[in-house]
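Note that the protein sequences, when read in sequence, are chains X and R.
Residue numbers for the first sequence follow numbering that gives the first Met the number 0, so the first one is 0 and each next one is one higher.
Residue numbers for the second sequence follow numbering that gives the first Met the number 0, so the first one is 0 and each next one is one higher.
Watch out, some of these pointers could steer you wrong.
Note that the list lumps identical chains together, so a pair holds whenever it fits in one copy or between two copies.
What the hints assert, rightly or not - Derived pair list, reagent style DSBU-like, types lysine-lysine, alpha-carbon separation capped at 35 Å:
| id | residue 1 | residue 2 |
| --- | --- | --- |
| 1 | Lys-113 | Lys-10 |
| 2 | Lys-135 | Lys-52 |
| 3 | Lys-113 | Lys-50 |
Hints in this document: simulated from the structure, not taken from any laboratory.
Protein chains: 2
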Amino acid sequence: MVQDTNDVKAKILGAAKKLFARNGFEGTTVRQICEEAGVALALVSYHFGGKEKVFYALFESSIPNYATAIYTLQDPEADFSHFIHEFVRLRQTEPELINLLQQEIIMQSPRMEKLQAYVYTLWKQLRNILEAGRAKGCFQFTSLKQTLHFIIGALIFTRNVPALDDLFETTVMEENSESVDEIAACTVHFLLNGLK
Amino acid sequence: MVQDTNDVKAKILGAAKKLFARNGFEGTTVRQICEEAGVALALVSYHFGGKEKVFYALFESSIPNYATAIYTLQDPEADFSHFIHEFVRLRQTEPELINLLQQEIIMQSPRMEKLQAYVYTLWKQLRNILEAGRAKGCFQFTSLKQTLHFIIGALIFTRNVPALDDLFETTVMEENSESVDEIAACTVHFLLNGLK
DNA sequence: GTCTATACTTGGATAGAC
DNA sequence: GTCTATCCAAGTATAGAC
Numbered sequence: 000m001v002q003d004t005n006d007v008k009a010k011i012l013g014a015a016k017k018l019f020a021r022n023g024f025e026g027t028t029v030r031q032i033c034e035e036a037g038v039a040l041a042l043v044s045y046h047f048g049g050k051e052k053v054f055y056a057l058f059e060s061s062i063p064n065y066a067t068a069i070y071t072l073q074d075p076e077a078d079f080s081h082f083i084h085e086f087v088r089l090r091q092t093e094p095e096l097i098n099l100l101q102q103e104i105i106m107q108s109p110r111m112e113k114l115q116a117y118v119y120t121l122w123k124q125l126r127n128i129l130e131a132g133r134a135k136g137c138f139q140f141t142s143l144k145q146t147l148h149f150i151i152g153a154l155i156f157t158r159n160v161p162a163l164d165d166l167f168e169t170t171v172m173e174e175n176s177e178s179v180d181e182i183a184a185c186t187v188h189f190l191l192n193g194l195k
Numbered sequence: 000m001v002q003d004t005n006d007v008k009a010k011i012l013g014a015a016k017k018l019f020a021r022n023g024f025e026g027t028t029v030r031q032i033c034e035e036a037g038v039a040l041a042l043v044s045y046h047f048g049g050k051e052k053v054f055y056a057l058f059e060s061s062i063p064n065y066a067t068a069i070y071t072l073q074d075p076e077a078d079f080s081h082f083i084h085e086f087v088r089l090r091q092t093e094p095e096l097i098n099l100l101q102q103e104i105i106m107q108s109p110r111m112e113k114l115q116a117y118v119y120t121l122w123k124q125l126r127n128i129l130e131a132g133r134a135k136g137c138f139q140f141t142s143l144k145q146t147l148h149f150i151i152g153a154l155i156f157t158r159n160v161p162a163l164d165d166l167f168e169t170t171v172m173e174e175n176s177e178s179v180d181e182i183a184a185c186t187v188h189f190l191l192n193g194l195k
């Protein structure tokens, strides 16, 4: 596989990531992707075998590398903090991908079937941490299901939401350009308190 | 306007709500809507003037009636609790609508422009409550922006997510069939702790 | 007001030249 | 490997009968 091939494939993936995140899978056309990527229409089919294959290729490259951390569950609070930090980092690194994933989850799209495996291991870790914490007495909550929904919802909800920007128009510049670690620390603090 | 007209319009709205929530605006066809509603293809255009008008009609009926509560901000904790209860009730009453709204928000769809007004008043209330609580010292948080994102994310994230159901397969039946008030109380508890 | 049939547009995928 | 031109399926909206 020569260099040019990788260039084109990467350009298509980049364009698709941007457009899928913004307009959804159905709302994005192959023509848009190719125009954004600056390549001919036929190349999506040639390199990937169709629009849907491009979609899956987006996740195959990024997500599996993420959920590799092993949690001992000896110190659930530390594990929780680590998990949140990792997720916030992923969300900052790949906002479009998280955005897209969120769409597919709430739509219960037919594509979720193949994405399920990635997502499951991710949230299974979180569930294990929560249960270990409850057993050890450092977390208190009545409904595991509700608690998981709170946390996942708070984590996955995209930060780049113009519809919310209006809410900050009159605010003093108190919190612009926060670093990943600051955001993660803030998130851990909020969620950990919720578990008391 | 005779009764039959309302019946057909209601059937179309019901079908559209269900399908939009599940497949998104772009992922839903007028043919699907009409088939689901059991009416002829032409009637969407006849009664509403097109697919997009059906979409807006869905929100015009439900959302404005919601955001009418007035908050005095004398007791931010009580206001917060009331706000959460109202939202949880809305989410339980109109899960498809919240689902759809969430999609449109995170996609930053072109339709959000017309929905913005509804959404803005809703979250402006929440923002006011948070700021009042911070001023009075009953809420502590560093970033208003992050905090709003946590709460909105936790609230708006759909509860009916098959992709998450697998996470509960081995759980004992600890928390099935929770009532609206139970869920709301649980939510208030979690989020209020996060604000300490 | 509701139906069937159809016009018109757009989308995904491919054929074939280079 | 990449392009242009084209095919075919599916979409929205409308015309016209009832």
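Going through the hints against the structure:
In this homomeric assembly, Lys-113 and Lys-10 come within 35 Å of each other (Cα to Cα) both inside a single copy, at 24 Å, and across copies, at 33 Å. Taking CA atoms no more than 35 Å apart as the test, Lys-135 paired with Lys-52 passes in neither setting, with 44 Å inside one copy and 54 Å between copies. Taking the closest pair of Cα atoms, Lys-113 and Lys-50 come within 35 Å of each other both inside a single copy (15 Å) and across two copies (30 Å).
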